[in-house]
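> What follows is each chain in one-letter form.
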Amino acid sequence: MANANDKANCQGTVVKRDKFIQLKRAWYKFSLNKTSVIGLVIVVAVAICAIFQPWLAPYPHHAGEFVDFANVNCPPCKEHWCGTDGVGRDILSRIMYAFRGAFTLGLGCLALVVPFGVVMGLIAGYHKGQWISTFIMRVTDVFLSIPPLIMALCVCAILRPTLFNSLLAVSVSWWTWYCRLVYSMTSSLRNEMYVKSAELTGASTAHILFREILPNCFGAVFTKMTLDMGWIILTGASLGFVGMGEQPPIPSLGTMVADGAKYIPGQWWISICPALAIMIIVLGFNLLGDGVKDMLSSEE
Amino acid sequence: MARTILEVKGLKKYFPIAAGEQKGKVVRAVDGVDFFIREGETLGLVGESGSGKSTTAYCVIGMYSITDGEISFKGQDISMHSSKRPLSIKKDIGMVFQDPGTTLNPQRSVKQILSLPLSVHKIVDKRDPEEQLLKLLEEVELPAEYLYSYPASLGGGERQMLAIARALATDPSLMVLDEPTSALDVSVQAKIINMLLRLQKERNLAYLFITHDLSLMRNLATRIAIMYLGKIAEIAPTETFFSAPRHPYTQMLLSSIPVMTEDEDALKPKRVVSRGEIPSPVDVPPGCSFNTRCPFVTDGCFEEDPAMREVGTDHWVRCHLFA
Amino acid sequence: MTQTIVDIRDLYVQYRTFDGQAKVLNGVNLTVKKGEKVSIVGETACGKTTTVKSILRILAPQASIPRGEILFNGSDVLKMGYSELNKLRSSGASMIFQDPTMSLNPVFTIGEQMEAVIRYSGQSGVEQKSVRHELAVKALEETAMPDPERILQSYPFQLSGGMRQRVCIALSLATPRDLVIADEPTTNLDVTIQDQVLKILKQRVEAKGCSLILITHSFGVARETTDRIYVMYAGNMVETAPTQELFREPLHPYSRALMSCIPRLSGGGMAEGIPGRLSNYHNPPKGCRFAPRCPEAMPRCHEEKPESIDVGREHQVACFLYDKDGGK
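Residue numbers (the numbering used here), protein chains in the order written: chain A, 1 to 300; chain B, 1001 to 1323; chain C, 2001 to 2328.
Quick caveat, the hints were computed from the structure, so don't treat them as lab data.
Keep in mind the model is a prediction, meaning the values are calculated, not measured.
Careful, some of the hints might be misleading.
Said to hold, decoys possible - Listed next, the in silico DMTMM-like pairs over lysine to aspartate or glutamate satisfying Cα-Cα at most 20 Å (straight line):
id : chain 1 : residue 1 : chain 2 : residue 2
1  : A       : LYS196    : B       : ASP1099
2  : B       : LYS1111   : B       : GLU1141
3  : A       : LYS196    : B       : GLU1139
4  : C       : LYS2202   : B       : ASP1265
5  : B       : LYS1091   : A       : GLU199
6  : C       : LYS2286   : C       : GLU2272
7  : B       : LYS1201   : B       : GLU1139
8  : B       : LYS1074   : B       : ASP1171
9  : A       : LYS19     : B       : GLU1145
10 : C       : LYS2087   : C       : ASP2099
11 : B       : LYS1201   : C       : GLU2272
12 : C       : LYS2199   : B       : GLU1139
13 : B       : LYS1009   : B       : GLU1041
14 : A       : LYS24     : C       : ASP2019
15 : C       : LYS2034   : C       : GLU2206
Claimed, not checked - Simulated coverage check for chain C against chain B, where a stretch passes if three residues somewhere in it have a Cβ under 8 Å from a Cβ of chain B:
id : region
16 : 2213-2221
17 : 2265-2275
Even for Gly, the Cβ is constructed at its ideal location relative to N, Cα and C.
Working from the sequences, and respecting the hints, build out all of it.
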């Protein structure tokens, strides 16, 4: 017979062992695809640069207002790996600082968009065929019909262009993707037998939505979040490029590309280096997203 | 004689076809079914795929709203959809589905799965909720350490035992079992059936057992009903059913079963050989619905649908041969 | 002496997985003579399908064969090159799968698929479309299909499950073959349809004089269709005997236990089931793989793997309970 001691034991060991094996299995599936490991390495490296910029960057003070006319437009060399810009600031340091903004934008946007979109999708999907579902999905369609960049431009034109406002601007239309994703998953998951059996038991709608259905959507949502990080950062950079992003002197990748564009082809590094940085981030998140998808899929 | 706990009268369930070539027609999944179950007995509802046996079960548990007819449970009308049924009815009818792989949420632990019915029906033992769950596991012969595992780490048979434990949690008096062992191997099936028999004895449970396996029913059911195209063709106590099968379809089914011993061979009716296929429930043939495959078909079978007639104690047949 | 079509000797197959190598087949021996109908009976995940898939070399890419020999008509399948394998698959052996919806392509008509099979069978004269069409019609007629012309023009989804499986039988016997492998061909079908399909399969195989390997989990199906039965457990053929003899006197404890689990039409109650569960393939028992569940296990069973020994005419059993003379 199980006494209290036994119970405590089996709880501890079984839970730990299960979690550990699950993690190992997840890593095994993830690492089967080498490119996704590359993606993970890129993302982790970029994240480290963003977090530890003040200590890692060769010239941390170059990120703000700084002028050094002695070293203007210096091509990539030993002292300045990515060269310097028109007022002598080290581009590498500025890129590393801009990573911060890019990550804040991506994470902040997802933090706003995902909970809202997911809840909307759950409600609409579970009540498919009823007026509430139709209402949510038509609103979604309206937002979807406006290209996110144009929407963001409008919002930024009305409000002051800052990081927070561009974050808002991107979020306004981005939630619809999560709503759609979760909607389609929920509308099929609600026919699963385990949902039916919870309904027959008499469980509340909230229980069914958040305890039975939602955990089964996590995989797809998480995959999409990883992929979206790249896209949101790209959209943010586009806003910056047209001058609607973070304002100088705070470095942002899009603004840096735009500023350097007038020096092309002579001083190509001013523009190309931040552009490459954008590319690497987006690439990193995309590769990582593929790996996450493989990891969370059930097949082996 | 034991009390009747479930009574189904004239049950009909039609599904309209919403799109495609046959738009506007209806699928007559269940087309006028009458049966009853007494306390503590097992009624085996047997039929081929498309016969409407699962639909009947789903109507009983209220997963579908019925088109016509009446279902009463312990004298109370339960013809409505499950969302409109009182909690006390849901508590008293348990359900086990065919594939334990799909009826257990892969993201929820055994503990969470078993706790749900208890908390919904507010029968959680406040002093020691864990002990209550362990008792349930013990009842279905699962080890206690499974409490914190997830369904994926259980074998097929163990998952089905867990599903049975979940159905038992609310201490029902009727269990609806929809092919609970057809996805499992025979060695596991034997274990589960034995367990169900033991539980039935201990708790005086009534089973509505949906299956396509007549050999299994021979060893389990009190009475057997054969369904064909949404209607019951024959219903009889198990002994009578196998010793004197009357309906031509029953005979066809029996003669088609692959068996292992000569004793069993002797039980198979020799005159009826399987032919044809079950027609679509969208285009049910006029008259007796079995007239496309019946070896004893007469002109009358194409014109009039036979009515149920009693040919012995508790033995009812729906065929013109016994008019 | 009759010619041997398939001869599998001491075959080992393993699959690479996260948990390491799953050692699925553990020294399988199987022979099928010309015109013989053989069945492999066993429970889920005992290696039945892996065995027959290795004959056609259509195992999953994670699988490897560390040891063993598979002789098809005398030549080793494991040493065959691409063109030889192609010949084996197109005109040597054919396979009928469990789920005909998966094995028939949904976007081509039955006719197109049958003609393609006939065309690449390597027969002479099949270059002409009319010849191919005739052969397809003939094959369907032979499986007692009503209105073959209409069926040839249908898409798989327009046919019922039983019809699709009959099309698969017609497809695998449309051209001359030495061997037909049927992997649980009737598991998804209703019992009355199963009866019809099995009768047709048996009759066609007999008429064409080819051999049959039928995989099933049902002793009843095996008894009514085949001449000889292999009982398989956890990657081993534990017993083989002519059908009548196996049912009269099953020798291996597993065969006996499995048979007792099957509910009888004649009643008699339910058996207890087999205790325990199928052992893990990643870390299988050292000796006999059935030993942990066997009611008659001896200390020796946990240490050594029993070899198959002859205990009668065509009756072999892999168990230490028996010695060469068939005594216990």
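> Would you mind marking each hint as holding or not holding in the structure?
Against the structure, the hints come out as follows:
With a C-alpha separation of about 13 Å, the suggested pair LYS196/A and ASP1099/B falls inside the 20 Å cut-off, and the hint holds. Taking the CA atoms of LYS1111/B and GLU1141/B, the gap is about 15 Å. The hint holds against a cut of 20 Å. The straight-line distance between the Cα atoms of LYS196/A and GLU1139/B is roughly 24 Å, outside the 20 Å bound, and the hint therefore fails. The hinted pair formed by LYS2202/C and ASP1265/B meets the criterion: a straight-line CA distance of about 19 Å does not exceed 20 Å.
In summary, the hint linking LYS1091/B to GLU199/A is supported, as the alpha carbons are separated by about 12 Å, within the 20 Å threshold. The hinted pair formed by LYS2286/C and GLU2272/C fails the criterion: a straight-line CA distance of about 26 Å is larger than 20 Å. For the hint pairing LYS1201/B with GLU1139/B, the CA-to-CA distance comes to about 13 Å; that is within 20 Å, so the pair holds. Proximity of LYS1074/B to ASP1171/B is assessed by CA-CA distance (about 15 Å); at most 20 Å being required, the pair is judged to hold.
A C-alpha spacing of about 15 Å is found between LYS19/A and GLU1145/B, which places the hinted pair at or below 20 Å, so the restraint holds. With a CA separation close to 25 Å, the supplied pair LYS2087/C and ASP2099/C exceeds the 20 Å bound. Between LYS1201/B and GLU2272/C the alpha-carbon distance is near 17 Å, which keeps this suggested pair within the 20 Å criterion. With a C-alpha separation of about 44 Å, the suggested pairing of LYS2199/C with GLU1139/B is violated against the 20 Å cut-off.
Between the alpha carbons of LYS1009/B and GLU1041/B the distance comes to roughly 19 Å, so the proposed pair stays at or under 20 Å and holds. The straight-line distance between the Cα atoms of LYS24/A and ASP2019/C is roughly 10 Å, inside the 20 Å bound, and the hint therefore holds. Using a Cα cut-off of 20 Å, the hinted pair LYS2034/C and GLU2206/C holds, with the two alpha carbons roughly 11 Å apart. Counting residues of the region 2213-2221 of chain C whose beta carbon lies closer than 8 Å to any beta carbon of chain B gives 5, which reaches the threshold of three, so the coverage claim holds.
Chain B is given as covering the region 2265-2275 of chain C, and this holds because 10 residues of the stretch bring a CB closer than 8 Å to a CB of that chain, at least three being needed.
In this structure, the hints that do not hold are numbers 3, 6, 10, 12, in rising order.
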